[in-house]
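Could you slot chain B with the ligands onto chain A? The hints should help.
Letter by letter, the chains look like this.
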Amino acid sequence: MSTTATLTTTATPSALFDNRVRIGLAVALAIVFAVVPFLPDFYVTLLGKIMCFAICALAMDLIWGYTGILSLGHGLFFALGGYAMGMYLMRQIGRDGVYKSDLPDFMVFLDWKQLPWHWTGSEYFLWTMILVVALPGVLAFVFGYFAFRSRIKGVYFSIITQALTFAAMLLFFRNETGFGGNNGFTDFKRILDIPIATPSMRISLCVITGLVLIAFYLIARYIVQSKYGRVLQAIRDAESRVLFTGYNTLWYKLSIWTISAMMCGVAGALYVPQVGIINPGEMSPAASIEIAIWAAVGGRATLIGPILGAFFVNGAKSWFTVAFPEYWLYFLGALFIAVTLFLPQGIIGLLRKLRGLRNGAKA
Amino acid sequence: MTPELLEDGAKRLAEYKAKHNVTEDIAQSGGQAASFARVVQPNIVDVSAGGILYVDEITVSFDGFRALNKLSLDVRVGELRCIIGPNGAGKTTMMDVITGKTKPDSGKAFFGSNIDLLRLRESEIAERGIGRKFQKPTVFEQLSVFENLELAAKTDRRVRHTIFAKLTPSELDQLHATMKLIHLAGDGARVAGTLSHGQKQWLEIGMLLMQNPKLLLLDEPVAGMTDEETERTAELFLSLEGKHSLVVVEHDMKFIGELVNGGQREKKKIVTVLHEGSVLAEGSLADVQSNERVIEVYLGR
Ligand SMILES: Nc1ncnc2c1ncn2[C@@H]1O[C@H](COP(=O)(O)OP(=O)(O)O)[C@@H](O)[C@H]1O
Ligand SMILES: [Mg+2]
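From first to last, the protein sequence lines stand for chains A and B.
Taking my numbering, I'd label the letters of the first sequence as residues 295 to 657.
Taking my numbering, I'd label the letters of the second sequence as residues 718 to 1018.
Calculated from the structure, these hints are not laboratory results.
Since the model is a prediction, treat every value here as computed from it, not as a measurement.
Do not take every clue at face value.
What the hints assert, rightly or not - To be clear about the criterion: a stretch of chain B counts as covered by chain A if any three or more of its residues have a C-beta under 8 angstroms from a C-beta of chain A, and this derived list gives those stretches:
1. 852-863
2. 876-889
What the hints assert, rightly or not - Pairs of lysine-lysine, BS3-like flavour, derived with a Cα cap of 27 angstroms:
3. K897(B) x K853(B)
4. K853(B) x K447(A)
5. K853(B) x K820(B)
6. K971(B) x K853(B)
7. K818(B) x K960(B)
8. K394(A) x K407(A)
9. K447(A) x K820(B)
10. K447(A) x K818(B)
11. K818(B) x K853(B)
Glycine is no exception: its CB is placed at the ideal position from the N, C-alpha and C atoms.
The following block holds chain A by itself, in its conformation from the complex (with noise of 0.2 angstroms):
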């Protein structure tokens, strides 16, 4: 009892679910399950599009926001997912492709007669599945293990993992790689042979999705409230001091890196089923850059802000691209600038502020 009283007072984290988090979830499984049905084909394909950029933020912001590694090549481990799942996807399609082949068509285009080793398996879905979280997960793993260990930090870091998505990108636009070069797939027919381009299809995604969110945000709350995740924000804070007190800073880096790199294979592999594409352009720096962006405007280590931060950001984009197509770049550069600058904790920052100004006012 005594034990519990001294921790209140001592800024150890809050629980796992204390009330506004019951209520947040409570409204988010609202959302899901009761509005998502009842809203316009447009509107399901957009919510579920965001929710996946959703998801790319929330381990952008495990990995920038609370270890303050900056990393500008969470596009490709999106990418990698988006395409174990497309491969799948492709074989789903069957024959009922413009050849008629067993192939998918790019093949058939390209007068290849089988298909290559790395598509071994693409026709199970488990497989895939495991594929989604495995390739970001071991790319990952493998590059952080080289890289922090030889104690690459800072910008070196965010500039090698920004040359690492520009060269895989550059690998996927070759036709020999056998992703389909430039046009990558799309077309899908199916998914677990049930017909992909129907609404039950779409709000079911939309739905699944949804909830991997919400999920990936419980696990991603316990991992910031765990000593572990106090370890990672110590290495962001004082990476000597981490290492000095005995800590080995390399498996924490490592691991936090490969699992927010997962979570980015498993938000491309969501994605790709819902907008019917993915091609090598997922791979570019600037989807790369994006991400980053979406956390920053948020707000970085909140959790919550980056999720804001890509409902918003992505809300004002697809916004703009109908009322004016050619200034979204220029505002969304703007808007970076405008965070940096003046909203250094971004959308929740703002927000505390103003509480914190009402709260005064009242008093």
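For chain B with the ligands alone, coordinates are given in the frame of chain A:
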């Protein structure tokens, strides 16, 4: 060897043989059974020879400039050693070598008589029992005082442990005792970034104590402290003397005086003067203060 030790050794040998099911002599040299008088465990510092730190002819160069030049230093168990020296003498670099941050060009550094410091990483050295305070106070600015201390507590520091770790009652007790010791008892919830410079110094010292190190290296621990804070810090260090071995680097001669003359006076404390990367003089404070070369390069200025 005293009879008790011989008996102890014989007992350990018998236990070892029983445990490992051996009947004949398991290790021998020149027809004699190997001695089982003392069992040295590789990861636990062996101080039976009386020394906790041996630095031997360490040389470190940065682009041809010798920051340390055949530096040698021995510290006894339980000693409070003060190290002084002008700026650029190599005091911080010496700590970097001992704690694994900088690898020297040549020389040896041992923790106790068995742990080769030059083979280990920073985190491994810390794990073996060397705690270090940086010259510039370094705490986790965005975590609370409580959390700063919690992370420093000596427990399993591997990922798979911290992900499920809960504070144990004994850690909590140690935490509260430490907060009191560093005069931050009421400030557990405060974000460390909001502490004053002196308080950050204390918090970092508290974090070292939570690590429960056998050897503490303190790099200019009272820089930026008020006179009162400095005095309290001297008291704190003197209270640690004997329980821990301490190496204190400082510029503040008044503070050094307090350390040397306070506490267990009967142990005459040694002061080491560093200059241009090697030891210029070593001896009692009075001796080094009257040493002409020391006066010339340092004190006299
Ligand atoms: N990483 C480094 N690169 C180059 N020179 C260094 C480095 N670290 C220390 N030095 C130099 O080594 C000398 C000793 O520095 P230092 O150990 O910090 O001295 P002290 O702590 O006694 O003031 C100084 O001249 C300093 O400029
Ligand atoms: Mg120094």
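Taking 27 angstroms as the top limit, are the C-alpha atoms of K853(B) and K447(A) close enough? Between K853(B) and K447(A) the Cα gap is close to 21 angstroms, so the pair holds against 27 angstroms.
- Holds or violated: K447(A) to K818(B), with C-alpha atoms at most 27 angstroms apart: holds, 16 angstroms
Original post:
Taken at face value, is the distance from the CA of K820(B) to the CA of K853(B) at most 27 angstroms?
Top reply: Between K853(B) and K820(B) the Cα gap is close to 21 angstroms, so the pair holds against 27 angstroms.
With the threshold set at 27 angstroms, check whether the alpha-carbon distance from K897(B) to K853(B) stays at or below it. Judged against 27 angstroms, a Cα distance of about 23 angstroms means the pair holds.
**Prompt:** Is K447(A) within 27 angstroms of K820(B), Cα to Cα?
**Reply:** holds, 20 angstroms
Q) Are the Cα positions of K818(B) and K960(B) separated by 27 angstroms at most? A) holds, 26 angstroms
Under the criterion that the straight-line Cα-Cα distance not exceed 27 angstroms, is the pair K971(B), K853(B) satisfied?
-> holds, 20 angstroms
Is the hinted pair K394(A) and K407(A) satisfied, with a Cα-Cα distance of at most 27 angstroms? holds, 14 angstroms
Inset, instruction - Could you grab the alpha-carbon distance between K818(B) and K853(B) and see if it respects the 27 angstroms cut-off? - result: holds, 16 angstroms
Requested in this report: Take the region 876-889 of chain B, compare each residue's beta carbon with every beta carbon of chain A, and decide whether three or more fall closer than 8 angstroms.
Outcome: With 8 residues closer than 8 angstroms to chain A, the region 876-889 of chain B meets the three-residue bar; holds.
Exercise for the section: Take the region 852-863 of chain B, compare each residue's beta carbon with every beta carbon of chain A, and decide whether three or more fall closer than 8 angstroms. Expected result: holds (count 8)
Of the numbered hints listed earlier, not one is contradicted by the structure.
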